[in-house]
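J.: Here's the letter readout for the chains.
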Amino acid sequence: MKRSVTLRGEKFNFDDLRELMACANEPKAGDRLAGIAASSERERVAAKMALAEVPLSAFLEEPLLEDDVTALIIDSLDREEFANLRSLTVGELRELVLSTNFASEWQRGLKGALTPEIVAATARIMSARDLISAAAPLRSVTRCRNTMGEGGVLGVRIQPNHPTDDVAGVVLSALDGLMFGCGDAVIGVNPAGDAIENVVALEHALQELIGAVGAPTQSCVLAHFTTQLAALERGAPVDLLFQSIGGTEATNAGFGVTLQGLAEGREAVLASHATREGFIGENVMYFETGQGTALSVDGHGGVDQLTCEARAYGVARAFDPFLVNSVVGFIGPEYLADATEIIRAGLEDHFMGKLLGLPMGIDICYTNHVEANQDTTDQLLVLLATAGCNFVMGVPGSDDVMLNYQSTSYHDAAGVRELVGARPAPEFAAWLEQTGIFVDGRLAEGSANGPESLQAFAESIKELGR
Amino acid sequence: MSADLPDTLRGAVDNGGDVSNVTPARLLIGRAGTAYRTSTQLQLRADHAFAKDALNATFSLDESPIKELAERFDLFEVKSEAATREEYLARPDKGRRLGEGVAETLRENCPSGVDLQIVIGDGLSPLAVRSQVPSLLGPLLDHAATRGWSLGRTFVVRNCRVGAINDIGEALDAQNVVLLIGERPGLATAESLSAYLAHRPRTGDTDAQRNLVSNIHPGGVTAEDAVWRILGLVDAFMIQGRSGFTVKEPARPTSLSEASGR
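Just so you know, the protein sequences line up as chains F and H, in that order.
Residues in the first sequence are numbered from 1 upward in steps of one, following this note's numbering.
Residues in the second sequence are numbered from 467 upward in steps of one, following this note's numbering.
By construction, these hints were calculated from the structure, which means they are not laboratory data.
You may find that some hints are simply not true.
From the derived model, a few chain F residues whose C-beta atoms are all more than 12 Å from chain H [said to hold, decoys possible]:
1) 78
2) 104
3) 133
4) 195
5) 216
6) 259
7) 369
8) 414
DEER-style ranges, computed between Cβ atoms [to be verified]:
9) F:35 to H:639: 28 to 34 Å
10) H:553 to F:382: 33 to 39 Å
11) H:708 to F:6: 52 to 58 Å
12) F:371 to H:708: 19 to 25 Å
13) H:526 to F:53: 40 to 46 Å
14) F:60 to H:550: 41 to 47 Å
15) H:569 to F:35: 21 to 27 Å
16) H:543 to F:298: 24 to 30 Å
This one's a predicted model, so the numbers in the text were calculated from it and none came from an experiment.
Glycine residues also receive a C-beta, built at the ideal position from the N, C-alpha and C atoms.
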């Protein structure tokens with residue numbers, strides 16, 4: 001359907017909803033690369049104005065793309081709840097989302113009426129503070145071996161990567177993270193090699209570590225999901241099944257992923273948990289995403305990168321994940337050019353994921369070929385902590401020595417928790433007090449302070465009789 | 467109950483005395499409140515400065531150590547569609563395609579239909595090519611020859627992205643293509659190389675049809691191990707008639723000499 005807007009006497013035409021959405025997006029290198037971005041700031045604002053007038057029903061009547069992800073999104077829509085919203089415009093939905101009592105309506109059931117496209121449309125007429133304020137009251141609580149996502153909880157993934165997957169190096173790195181109070185979200189290693197034996201060895205090493213210290217948390221080895229399932233068949237303990245996903249069928253094909261394959265994998269992991277101890281819930285999936293992913297594998301189908309990202313969350317939602325995070329600065333300057341674009345994308349991704357009901361975290365990061373630096377990650381970390389982000393990454397000294405990029409560090413995570421008064425997951429917080437890492441909810445003076453702290457931690461584990 | 471420490475912890479406490487023995491990661495570095503110590507903070511800034519510079523480093527077929535390789539293996543160079551470094555960073559689609567006329571140049575200068583075609587791409591770290599390829603290329607070609615494979619003539623692609631492997635497959639119809647390409651520079655090292663491997667790559671192929679050996683540098687995967695892993699994967703491609711995520715890397719490295727039948 002054609003739409004047009006006249007702005008100070010200048011008329012702007014948009015041929016269809018896909019073009020309107022792309023032009024209304026905030027500036028992103030990836031949309032420019034795809035040749036679908038607004039050609040001027042005037043056109044961008046005109047598109048936002050036209051988009052604000054679009055009724056939500058239009059997003060069902062004019063699908064941006066026909067594929068299995070679209071089918072999944074339509075199938076999972078709560079039509080009864082949607083009936084309450086269908087006559088609203090995007091502009092009216094923005095105001096509803098920002099209204100005082102929205103969180104309780106959302107929790108009651110309204111979240112089932114929101115599609116990725118609707119959420120992605122709303123995000124692009126919101127300011128940075130809108131994205132933060134709207135997301136903050138929305139909580140998504142998930143359970144695996146602990147409870148993530150309650151109000152006031154900021155989780156941290158320990159990411160103890162190693163360039164050759166050396167087990168001793170990975171374990172030492174994970175212990176360093178634990179001494180900062182990190183690791184409640186997951187201890188998750190990106191393996192350097194995808195060989196099954198390698199994944200099996202890492203899975204066992206992480207379980208042994210968790211068992212030895214008694215921490216109520218879960219492990220994950222972030223190989224391709226088919227490799228993790230092969231490791232599971234060989235008896236490896238798989239707490240969380242990880243996979244990178246995208247928002248179109250073509251993107252997922254580029255990753256060697258099908259929706260059916262993910263569903264079967266989830267069933268296999270759930271079945272294995274029934275034979276093991278310590279699980280308190282059935283959220284067993286961990287997904288990573290990122291704006292620009294679809295374009296990077298030529299699977300975007302002309303749809304802008306913000307919408308593709310929201311659709312990836314639509315995929316994630318169908319599998320009741322324990323954790324989902326966008327890896328917001330990882331992909332490179334051709335998709336997010338600089339600090340401004342990375343910060344904006346991080347806030348959008350978190351907001352969209354939360355509004356769709358996901359346990360949304362963010363890997364706040366940058367590579368060395370993008371115009372960003374440590375100040376960028378510092379800034380976005382503080383913003384997202386105030387937005388109630390479910391979890392962030394903990395990478396030793398911010399320097400991932402395997403993936404060669406910089407994320408938030410153990411120090412950063414501990415620091416921002418203190419800054420905004422956030423806590424670790426409740427079971428994990430109790431363990432931190434037992435082991436003396438935390439005293440009265442704060443990082444203990446003697447913890448995480450060099451090799452002597454490690455010795456002291458080991459002694460306290462010994463005394464606890466682990 | 468309180469026996470000795472579990473092995474996992476005892477080992478870690480021992481390793482904590484000298485972290486660099488087990489990992490290049492920045493562990494047990496202390497703190498100032500929850501912030502970095504001043505020395506950590508400034509070291510990170512210095513490492514970032516060096517990584518930024520590595521992006522713009524260069525190598526030349528006329529300068530050592532690539533010069534010696536170029537002479538020994540008769541290397542030549544071609545370009546992707548990306549004309550400049552700036553265009554290369556902004557337009558990955560251009561870096562994934564061979565420049566105009568390059569396919570013809572390749573067909574004129576290289577044998578077609580070989581078992582193994584090795585290609586060198588500068589990628590995001592030309593420095594990695596300069597540092598790692600000299601110790602990798604010779605052994606790779608030698609061991610491949612020992613297996614009785616027919617070998618292509620190695621060449622260099624400037625402003626190269628991984629996807630260029632498709633155009634190379636189309637141009638030369640090689641059974642297997644190995645692209646040695648500089649990785650994005652990191653803080654701990656700006657000299658890390660990757661090998662991307664594909665069986666009969668064609669237009670439209672994605673990473674799902676490719677395999678990867680990454681982190682090739684002295685602090686990561688050594689050149690010797692990289693050679694073994696690359697050849698092991700190519701062996702698997704030849705047996706299974708495909709590459710990609712459905713081909714898992716062969717298990718334990720037997721030693722190089724066993725792998726080459728010596």
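J.: Regarding residue 60 of chain F and residue 550 of chain H, is the given constraint of 41 to 47 Å on their beta-carbon distance met?
T.: holds, 45 Å
J.: So is residue 414 of chain F really clear of chain H, every C-beta pair being over 12 Å apart?
T.: Answer for residue 414 of chain F: violated, closest chain H Cβ roughly 5 Å.
J.: Starting from the hint 19 to 25 Å, judge whether the C-beta atoms of residue 371 of chain F and residue 708 of chain H obey it.
T.: violated, 40 Å
J.: With 52 to 58 Å as the target window, see if residue 708 of chain H and residue 6 of chain F comply at their CB atoms.
T.: holds, 56 Å
J.: Quick one: work out the minimum CB distance from residue 104 of chain F to chain H and report holds if it exceeds 12 Å, violated otherwise.
T.: holds, 35 Å
J.: According to the definition I'm using, a residue is off the interface if its beta carbon is farther than 12 Å from all beta carbons of the partner; does residue 259 of chain F meet that for chain H?
T.: holds, 15 Å
J.: Holds or violated: the 21 to 27 Å window for the beta-carbon distance between residue 569 of chain H and residue 35 of chain F?
T.: Holds, since residue 569 of chain H and residue 35 of chain F (Cβ atoms, about 25 Å apart) stay within the stated range.
J.: Starting from the hint 33 to 39 Å, judge whether the C-beta atoms of residue 553 of chain H and residue 382 of chain F obey it.
T.: Given a distance of about 35 Å, which is inside 33 to 39 Å, the answer is holds.
J.: Are all C-beta atoms of chain H more than 12 Å from that of residue 78 of chain F?
T.: About 33 Å separates residue 78 of chain F from the closest Cβ of chain H, which puts it past 12 Å; holds.
J.: Confirm or reject the claim that residue 526 of chain H and residue 53 of chain F have a C-beta distance inside 40 to 46 Å.
T.: Cβ of residue 526 of chain H to Cβ of residue 53 of chain F: about 58 Å, so the range 40 to 46 Å is violated.
J.: Could you check that no beta carbon of chain H comes within 12 Å of the beta carbon of residue 195 of chain F?
T.: violated, 4 Å
J.: So does residue 35 of chain F sit 28 to 34 Å from residue 639 of chain H, Cβ to Cβ?
T.: Given a distance of about 32 Å, which is inside 28 to 34 Å, the answer is holds.
The structure fails to meet hints 4, 7, 8, 12 and 13 from the earlier list, while all remaining hints are met.
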